[in-house]
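Model the full assembly from the supplied sequences, consistent with the hints where possible.
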Amino acid sequence: MNELKKRRVELSHGGGGVEMNNLIRKVFFKHFENDILVRDEDAARLQFDGPVAFTTDSFTVSPRHFNGGDLGKIAIAGTVNDLAMAGAIPQYLSCGFIIEEGLEFAELESLVQSMAAELAKSGAKIVCGDTKVVPKGAADGLFINTSGVGTCIAAPSWKRLEAGDAIIVSRDIGAHGACILASREGLELDTELQSDCDTLWPAVKALLDAGIDTKAMRDATRGGLAAVLNEWAEARELGIEVAEQALPIDPAVQGLCELFGFEPAELANEGTFVVAVAAEQAEQAVAILQQFQSTATVIGKVCNEYAGKVVQTSPWGSKRYMELPKGELLPRIC
Amino acid sequence: MAANGITLEQLYNGFRDPDTIKMLLAKIAQIAPQLPEPLRIMEVCGGHTHSIMKFGLHQLLPDNIDFVHGPGCPVCIMPKERIDQAIALAQQPDVILATLGDMIRVPGSDTSLAKLRAQGADIRALYDPLDALVLAQQNPDKTVVFFAIGFETTTPMSAVLVQQAEAMELDNLLLHVNHVLVPPAIDAVMAGGEATINAFIGPSHVSVITGAKIYQAAVDNYQTPLVVTGFEPVDILEGVLMLVQQAIAGEAKLEIQYRRSVSHDGNLKAQQLVADYFELADAFRWRGLGDIPASALRLKPQFNHRNAELKYAQILPTDPVDDHKACMCGEILKGIKTPQQCKVFGRGCTPQTPMGSCMVSSEGACHAHYKYAGVSL
Chain R
1 MNELKKRRVE LSHGGGGVEM NNLIRKVFFK HFENDILVRD EDAARLQFDG
51 PVAFTTDSFT VSPRHFNGGD LGKIAIAGTV NDLAMAGAIP QYLSCGFIIE
101 EGLEFAELES LVQSMAAELA KSGAKIVCGD TKVVPKGAAD GLFINTSGVG
151 TCIAAPSWKR LEAGDAIIVS RDIGAHGACI LASREGLELD TELQSDCDTL
201 WPAVKALLDA GIDTKAMRDA TRGGLAAVLN EWAEARELGI EVAEQALPID
251 PAVQGLCELF GFEPAELANE GTFVVAVAAE QAEQAVAILQ QFQSTATVIG
301 KVCNEYAGKV VQTSPWGSKR YMELPKGELL PRIC
Chain A
1 MAANGITLEQ LYNGFRDPDT IKMLLAKIAQ IAPQLPEPLR IMEVCGGHTH
51 SIMKFGLHQL LPDNIDFVHG PGCPVCIMPK ERIDQAIALA QQPDVILATL
101 GDMIRVPGSD TSLAKLRAQG ADIRALYDPL DALVLAQQNP DKTVVFFAIG
151 FETTTPMSAV LVQQAEAMEL DNLLLHVNHV LVPPAIDAVM AGGEATINAF
201 IGPSHVSVIT GAKIYQAAVD NYQTPLVVTG FEPVDILEGV LMLVQQAIAG
251 EAKLEIQYRR SVSHDGNLKA QQLVADYFEL ADAFRWRGLG DIPASALRLK
301 PQFNHRNAEL KYAQILPTDP VDDHKACMCG EILKGIKTPQ QCKVFGRGCT
351 PQTPMGSCMV SSEGACHAHY KYAGVSL
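In order, the protein sequences belong to chains R and A. Quick note on numbering: the first sequence equals residues 1 to 334 in my numbering. Quick note on numbering: the second sequence equals residues 1 to 377 in my numbering.
By construction, these hints were calculated from the structure, which means they are not laboratory data. Careful, some of the hints might be misleading.
[To be verified] Listed below are the simulated BS3-like cross-link pairs for lysine-lysine, each with C-alpha atoms no more than 30 Å apart in a straight line:
1. A/K311 x A/K54
2. R/K319 x A/K337
3. A/K337 x R/K326
4. A/K213 x R/K319
Note that the coordinates shown come from a computational prediction; the quantities given were computed from them, not determined experimentally.
What follows is the structure, encoded as structure tokens:
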């Protein structure tokens, strides 16, 4: 039994022969099974009604398993969330695996199981896929690419942002980035930090079902909240004013930022989104989002001042830019 | 969440209380009219510069009190030729170059460690200098060179690194030492005679190690009040209040605001550790400030076998390399000019394309101004 558990992926598993066929059927088909996938055609035939959103993303994270998630969960949540942010129902996904020779089958299967569990949250299906095995050293264990399509039922866009719109975050910020940093080799922090990694479609669906006009939506992944707000402000040539005291930040995330000189607004999220709504719908939107995450809140507003910039106001009356993050995150020196 | 038994929340809780901050600001504003002359407070440490800009404290002080940024960022003051040396070391076959934080972003004459890493050089950004021990153990066929940087704050960790490497007989771990000292930098600013500094906020992390005593000579020599201050907004404003009170009373004293971490004598064990492995270097060329005598440390001769500068002397470039001519970093580090007075600030010189040292590190004066206040806020 132990020997079986320690079986590893070999180059032959990507060779197109018996071994690859076994891998696809015994791991991928087993967990992703659905009526379209099992047809086993060269391409999935799909039916849509109305405009369609289409997105793709590749996923690599170190470590592959972390508090609150793993690479498999991110690979599904990330693409499903991109569709949700476009106002589209996450329906069909493709999935490409680039596996480094030597990856344990048990780990691969646990990640695939994690993907299947995450798919269940939105009802999306994996309908086609691809597997490549590369020699040891050519990849960092496992890379996953997912693409997704879905029917659009709303059309949020930064182009619709207007002065006065309320800016809402769906939960506290920076949890994923802080969690990954804390689990990195060298820090050895005693922490209970959990990634926010999650599928956002149920929360987005609840907003749309309630008739909230989601003017703009974006999941605050790499670059965090600061990147989203700066991209919006710059693209729309309007300002965004954020109240520092309104930013929902878990004390553990803030503490880690203090220790290493990071800004929570610049840390990555994997299950947090920013949504702009008309001021009169803000209270209702927050109430809906709080049914999913109690920390959802209004953090600021779009304004005519500071065109192209995000300005953060402090509770003692000073102002500063919330800058677009630059370069790789490196801890301060002293 | 805890590190060494202290919860991380304790690092900042209470020190950003809006009411306390407003109360301190009101108190400063109330007595500031009594100042005999405008107070120009130099914060020597880049961490303070960063905090002042991040919390917008400079916006809230009366007109007759100004912050002036000083030469206290270990990345900013690194001359290009020393970075060129790190780059030359990283290009050697079988060398792993390890250093701290955003040092890898700093451009030398032609390139940076980050760009060199992208070309395939083995360059590691460490969180902790002691990680260099693990690197050396895991790579016995390579030479690990630790490019050691920082003020008195980080020097004890480099000393521990040497101590451990000696104890473990790790022959493949060398150091390129760039540890610099705060008091000579204060002297360099004041001795120039151009700066109109009449108060200092003393660095806090440095002082945890050295104790406040290292600033007594500066206070006596220049009759300038100096308050060792923490990094939080409440700390900084209380430090400013103490300086204002001294200036109004016509005093020049050394005081400690950051009493929860800093004593007069400091961490004697750490000081001894540094003394065991390092000695004063004759001079060090500071970026923007030029040669300052006895302003840096080097390994003691008995540790020459760990000195990368000696072992790789043949391949290390030594010619001084100045910043771009249009760059005013020298004047900014001396407190003569502000970042906004530099013609290239925020135009030709940005964090992505820094022309001068002050724009490079997140603790540099120009970088902090650009990041938090830009050219207009």
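If you check each hint against the structure, which ones fail?
-> The structure conflicts with hints 1, 4, although it agrees with all the remaining ones.
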